[in-house]
Structure formats: structure tokens, C-alpha cells
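Enquirer: Construct the entire structure; sequences and hints are all you get.
Numbering (the numbering used here), first residue to last: 721 to 988.
Don't take every hint at face value.
Cβ pair distances, simulated, as ranges [stated by the list, open to error]: (1) Pro-963 with Ala-875: 35 to 43 Å; (2) Leu-800 with Leu-723: 33 to 41 Å; (3) Arg-988 with Ser-936: 22 to 30 Å.
Calculated from the structure, these hints are not laboratory results. A virtual CB, placed ideally from N, CA and C, is assigned to each residue, including glycine.
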Amino acid sequence: MLLASVLGVLMGLVMGLTGAGGGILGVPALVLGLGLSMTQAAPVSLLAVGAAAAVGAIDGLRHGLVRYRAALLIALLGALFSPLGVFVAHQLSEQLLMGLFSALMVLVAWRMLRREKAEAGPSDHGSASWGQKNCMLNQQTGRLAWTAKCTATLAALGAVTGAVSGLLGVGGGFLIVPAFKQLTDVQMRGIVATSLMVVSLLSLIGVVGAFHAGVSIEPVGWMFIGASIVGMLAGRRLCSVIPARSLQVGFASLCVVVAVGMLANALR
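Expert: And the structure:
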């Protein structure tokens, strides 16, 4: 129980410091730290990530940062494709799932370490013209312009995120944040808040699906979930005092170390 509390706080802390991407540490913490299998760890990790992300999403809604229509569309498509990921996960071996998860963590680390090109513009990640982005904000209303291209883009993002979420038991924030930066001209604060809402919805939907399939959560899992919420609250308070680049390098390094540990565990 004590170890579950410590690991839960650490996961929530990283999640609060780095945004939704910290949730990718949930499964390794449960597998390597508490000895759960991948299929046992997935629902616990999803519920911990979902509950912690909901804290951030509610704060984003209070400040008007969440693009809630986009979040609901992505979550809806994610909900439809998440059971497919869960089904595939149960057909694969434990070793293969761990290998896939390790590869995913290395990819996340690489994206985190890669420095982005500085672009001039009114938003904090550069301006965009109508020809550059799939989803653009209406300059008069400040809301997304819901063209057919924009709707199809967000729906596809939801489908991919849902499938990966169900397959590996991750919230999907590491996919949503970079995709939103690439495909829309929404400012970064809005991207993170919207991502947190999607992650919370997708995670909780995934947990319901797992419960429906007969998966149960042990008391040690509930301890981990509660501790992750505490860590998330602490992380959100600390993120303003730690340099962003230091967070990125630290998180990426941690991802690589954990990925190696997962791979070594799979090859035993």
C-alpha cells in the first residue's frame, strides 16, 4: 500500500508538471513497481489518469480554455474505437504488449526532446494561415471553424487515440497535444486544457469497458489512484517554478529509462 501511494503520487506529480503526457508512466509503475500484468494494470492506470486529468479539465473549463466541442468529438470517436484496442490487447502476448509500450515510450521521449522551430505570431506556438492548418479559429468569434476537413481531422485523431488508449492503457494526451499543435491554431493553454478533458473522458470510458469485461481493481490499485490525484494537484502548483525545458529533458530521460526496464522485463 505504501509503495502504491508513493508511485501514485510520483505519477500524478509528473502528470501535473508535464501535462497529460505524464500518464504514460502509470502502466510501468504498476507493472514494474507493483508486479501487475499489463491487462491488470491498464484499467488501474486509466482510472488514475482519468481522475487526475479531470482535475485539470475542470480548472480549464472554469477559465474558458477548453474547446469542449472538439474534446467531445475526439472522445466520442475514441469511445467507439477503445473497445477495439482492448480486444486486440487480449489477443496479444504479455511480452509483445510490453515491447509495444516500450517503443511508444521511446517515441514520446524523442518528441519531447526534439526542439521545435520558433515561429512568430500571436499564439504561443506560431501563427497559421488558412492553407497551413486543418482546423482554424474564427477570427470574429474565437471559436473553431467547423469545416468538413476540420471535423474529419478531429474524428480521425479520436479514433487513433481511442484505439491506442484501449490497447496500452494510456490516456492519449501524448498524441492529442502534438496533434493539436500541428493541426490547429489553438493556443497552448487551450490545447493542454482540451487534451485533459479528452483524456479524462477516454480514460473513464475505457475503465467502464474494462469493468464490463469483468476486470476488477484491487485495494492497492485504488490506493494508487487516490495518490495520483494528490500528486496531480501538487504538480500543477510546482509547474510554474520549474523551467519548461528542464521538465521536458527530465521527463524524456525518465521515459527512456522506464522503456528499457519494461523491455528487459518482457525479455525475461
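Enquirer: For each hint, tell me whether it holds in the structure or not.
Expert: Hint check:
Distance hint check: the CB atoms of Pro-963 and Ala-875 are about 36 Å apart, consistent with the given range 35 to 43 Å. A hinted range of 33 to 41 Å for the beta carbons of Leu-800 and Leu-723 is consistent with their spacing of about 36 Å. A C-beta distance of roughly 26 Å is found between Arg-988 and Ser-936, which places it inside the suggested range of 22 to 30 Å.
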